[in-house]
Amino acid sequence: MEIELSSLYGLDLYTDRGIYVGKIEDVSVDIKEKRISGLAVKNVNANAFSVGKKKGVIIPYRWVTAIGNIVLIKHVRRKGVERETVEEGEGEKERQEKKK
Amino acid sequence: MEKISAQKLNDKRIVDSEGSEMGVLHNIVADAGTGMLTDLVVRPAADLDRSKFRKEDDYIIIPFDAVKAIKDVIVVDSVKMRVRA
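Line by line, the protein sequences are chains D and F.
Going by numbering that gives the first Met the number 0, the first residue of the first sequence is number 0, and it counts up by one from there.
Going by numbering that gives the first Met the number 0, the first residue of the second sequence is number 0, and it counts up by one from there.
Read the hints as simulated data drawn from the structure, not as lab findings.
Each residue gets a CB set at the ideal place from its N, CA and C atoms; glycine is no exception.
Here are the computed lysine-lysine pairs in the BS3-like style, where the Cα-Cα straight-line distance is at most 27 Å:
1. Lys79(F) to Lys11(F)
2. Lys2(F) to Lys54(D)
3. Lys41(D) to Lys11(F)
4. Lys11(F) to Lys54(D)
5. Lys79(F) to Lys67(F)
6. Lys7(F) to Lys54(D)
7. Lys7(F) to Lys33(D)
8. Lys51(F) to Lys33(D)
9. Lys33(D) to Lys79(F)
Listed next, the stretches of chain F that the computed footprint assigns to chain D, with coverage defined by at least 3 CB atoms under 8 Å from CB atoms of chain D:
10. 15-28
11. 60-72
If you want the footprint, here are the derived chain F segments under chain D, 3+ residues with CB under 8 Å:
12. 3-12
13. 31-37
Just need the whole structure built from these sequences, with the hints factored in.
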């Protein structure tokens, strides 16, 4: 299905478990790759994502599962997107240290 | 530099690789499944010959593959942009 990017602005974003994420404000595009890289989301549900002092989050486009009257993304268990990657990184380090 | 806000691209001028003004960007079309950008929807300049382009209402459609650069203006390849016309 083909979509015009402007039709995404203002759509509500939910996870596939029905949890509200926020409202799409902008779309981030990767010019070199010629593809949508992420969705800029504002009005973020603090229970779903901790955004701290920032205005919103960028949801990677690969998480998107459906676009219609609303947009669905894969459910993510952890709260902060950035924190998740940090924790994974630390876990990896610990594991490597244990190996040594 | 590769990642750009799509909102900021709206109303950007589009020129072809020969330097001719083509119009301003109205919208971008993408494939919802893959996220691949497929076309530019362009509000054509008044003096542009529209016969060589795919049209949608008052707009012309340029395949995204023709895009060579996006900085202060959008530069499109004069040859590639008519492939699907």
